[in-house]
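Listed below are the residues making up each chain.
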Amino acid sequence: MNLVADSDGTLRVTGLDRLSASNCGDFKQLVLLRLAENVRVVELECAHLRFIDSDGLGTLITIHKRLVTCSGRVRLKQPLPVVRQLLRLLRFDEIFEIIP
Amino acid sequence: MNDHAPSAVRREFRTLLRLEAVCEFSAVRAATLAVRDWLAGKGLPEADLGAWELALVEAANNAVKYAGAEARQRPVTIEISCGERDVEARIIDHTAGFDWPTEVDLPDVDSESGRGLFLIKSLVDQVTYLRHAGENVLVLRRARPVSGGEILPDVCQLQNHLAEVETALTDMTAELASSYESLVALFRYSSELGAHTDLKDFSHRLLKDLMQIAEADCAVLRLISHDGKKLETLLVLPGEANKSLPSVALVGAVASVEIGAARDREDIWFGPEEPLGPDDPLCAVMPVGNGICHAFYVANQLVGTATLGRLMADKSFTAAQVNLLHTFIDFLAIQIVNARLLDERTVARVTQRELQIAADIQRSLLPSKIPSCMPFELAAACQSALQVGGDFFDIIPASDGVLLLVIADVMGKGVPAALFAAVLRSTIRSMPQLFDQPGELLATANRTLFPDLSRVDMFVTAQIAFLNPHQQKIITASAGHCPLLVWRRDAPAAVALGQSGFPLGIEPLTRYAQTETPLPPGAAALLYTDGLSESRNAAGEMLGEKGLLRILAWAAAQTSDPQTGKHYLLARLADYCGHEPLTDDQTLILIRHVV
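Just so you know, the protein sequences line up as chains A and B, in that order.
Take 1 as the starting number for the first sequence in our numbering and just add one per residue.
Take 1001 as the starting number for the second sequence in our numbering and just add one per residue.
FYI, nobody ran anything at the bench for these hints, they're computed from the structure.
Just so you know, not all the hints are guaranteed correct.
Derived lysine to aspartate or glutamate pairs resembling EDC-like cross-links, with alpha carbons at most 20 Å apart [what the hints assert, rightly or not]: (1) A:Lys28 x B:Glu1112; (2) B:Lys1230 x B:Glu1181; (3) B:Lys1473 x B:Asp1400; (4) A:Lys28 x A:Glu97; (5) A:Lys28 x B:Asp1400; (6) A:Lys65 x B:Asp1280; (7) A:Lys65 x B:Asp1108; (8) A:Lys65 x B:Glu1112; (9) A:Lys28 x B:Glu1024; (10) B:Lys1065 x A:Asp26.
Nothing here was measured: the structure is a model prediction, and the numbers come from that model.
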C-alpha cells in the first residue's frame, strides 16, 4: 500500500487489494496521520481492491467524516464491480465520490 | 488456523469442509480464503465466491471482535458443505452470543459500524443463529446458481443418479410391459370363461404365456384329484416326451415343495441356497437354478399347484413376476372350477335324460291292465326308490285262463337295469310253451341271458308263478328271489314257501326247483321284491320276512279283495317306515282267492 500526497491536497492511496478488519486499523492510522498535510481528498485507487468488508467500509466512513469538517471527501477510483455493487447496497455511493 | 485442520469428507451428495481458525482476524482471513478456494474448486462462480467470502468474514470477524479472554483461547470453526443445489456454512464461536434482531436494518449512512449483520443477511438466502451456553452456531445457506460450472465429482454424482433413474425407468417399463401383456392375455382368456373349452389345452396356453411373460424356463401344473387325496400332473412344460411326473399323495412321507405349499398355503421358493429335496418329484422335470411353487385355492378348497422354474441360479423371480404367477394361476383356478361345474351339470343333465328314458321303458313294461283269473283276483304295485328302479313285474295271460306271473329285481338302476328288465320280459314272453314249468322257464331264460348279464357283471333275481284257476293252485320257481308268502284262513299265520336257486346271470347251467302251493278259497299269496321286507323304520330296524308275513296276515284278514288288501298292506308298510324315504324299490303282486 502506498500513500502519496499531491500538492493539490489529494492523498492517493494505491496498492491496496483488500480492506478488512485484518488491515483496516493500520490503513486508518496511516491515512489519518497524513490528513494533517492539508489533505482535502483521499483518493483510493480501487482497481485492485478485490475485497472490502464492513470494517473496511467503516474505516472509509471515519476518514470521510474527518474530511467533511474541512470540506474534503473520499474518492473511490475505478472500483471493481463487486465493490461497486457493495457500495450501492450500502448507499455509500451517496457519500463517496466514485470515479468509474 | 491449524495446519492440520482442513479436512474434506464426502457425505451423501454433499461434500464438507471443516476449518478451525484461531481467534484472530488474520486467521479468519486465511480461513475464509481457504473456503473461497475450496468453493472455487466446486465450481461456484465468482459472484458466489465473493458473496461467501464476505459473509464468512463478517460472521467470523464478529466472533473475534466479541470474544472474551477465555473465548480467545478457543478456535472459531467454519464448516461448509457444498451440495448440488446449495452451499451451507456453519460458523461456531465461543462468545457470549447475542440476540439476533428480528429486523436487520441498515444504520445511518455515516455510521462507522453496524453493517455486518445487514451484509450477512443480504448475501445469503437463509440465516439461522443458534445461541447456546459457551457455543453459538450461525448457519448460513445460499442457493447455487442453476447454470453454474460443473466439476468432476458432481458430474459423477449426476451420472450415478442418471444411471439409477434409467434403471428405475427400465424396471418400470418392463413391469408396465408385462402388465400390459398380462392384461391382454387375461382379456383374451376371459372370453373363454364359462365356455366348454378343453381344460388341458386352455391351461397349456395360459401356462406358456405365463412362462414367457415371467421369463420362466419350465413349469409344472398339478391339480387335486377327484378324491382329494393326491396331486395329479396336468402339464409339464416344456413338454418333452421324456418328462413325466407321477402323482403325489397329499399325505405321505414324500418331501415335496408342492405338498408343502398346499399344506401351508404359502409360496415356497427354492434355489441354490434352498434346493429341492433329493426325493422331491419335481427334481425329475425341473433341473432349475431358481423356482417358486404356488398352491391355489377356490372357496377355501385346494385346486392345485403351479411351479415355475428358471435355469439361471443367480436370477430369482421378482416380486412383479410372482404377482403375475398369482394373477394367472388364480384366473386358471376359476376356469378349472367352472369347467368342473360345467362337466357336473352336463353329466347331471345326461343322467336326468337317461333316467327319463329308463322310466319310459319301465312304464312300458308294466301291464296296463290286470287280467281276470277267477276265482283269483290280483292287484299289483311298483314303487321306485329312485326315478327308475330295477324292479318290474309282468302278468301274462295264457291259454285256458291261466296266468303267468313274473316279478324280478335287476341289479342296479337306470337305463341298463331297465333294458335288462325289458329283455327278460321278452325272453319269458317268448316261451309260452314253458309257462306251466316255471323252473324250466327260469333255467332257459338264464341260459339265454347269461352271456349278456355276465359281460356287464349284472344279475337278476326273479320269481315266476304259474297261476292255475282250474286247479286252484300256484306253481312257483325262484331265481335267488324272495319266497312266495301265503296266508290261509285256516292257518294261524302266513308262511314263506318254496326253494330258491341262483339269480339269473350267475351260473350258465343251473336248475330251478318248482313248488306247487294250493290256494284255497280266501287264501292270499304275495309275490314281492326285497324292497318290502328290507323296509326300515326311523330307528333303522329292518322289517324282515317275519314282519312282512305279519302285515300280510293282518291285511288279508281285514280284507277280502286284493285291491283293498294291497292298500292295507302298503299303508301298514308306510306306517312302519314313518317319514323315512324309500331306500329300495317296492314291487308286489297280491293274489286273492275270492270267495
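Evaluation of the provided hints:
no.	hint	in the structure
1	A:Lys28 x B:Glu1112	holds, 12 Å
2	B:Lys1230 x B:Glu1181	violated, 33 Å
3	B:Lys1473 x B:Asp1400	holds, 15 Å
4	A:Lys28 x A:Glu97	holds, 18 Å
5	A:Lys28 x B:Asp1400	violated, 164 Å
6	A:Lys65 x B:Asp1280	violated, 100 Å
7	A:Lys65 x B:Asp1108	holds, 13 Å
8	A:Lys65 x B:Glu1112	holds, 9 Å
9	A:Lys28 x B:Glu1024	holds, 19 Å
10	B:Lys1065 x A:Asp26	holds, 16 Å
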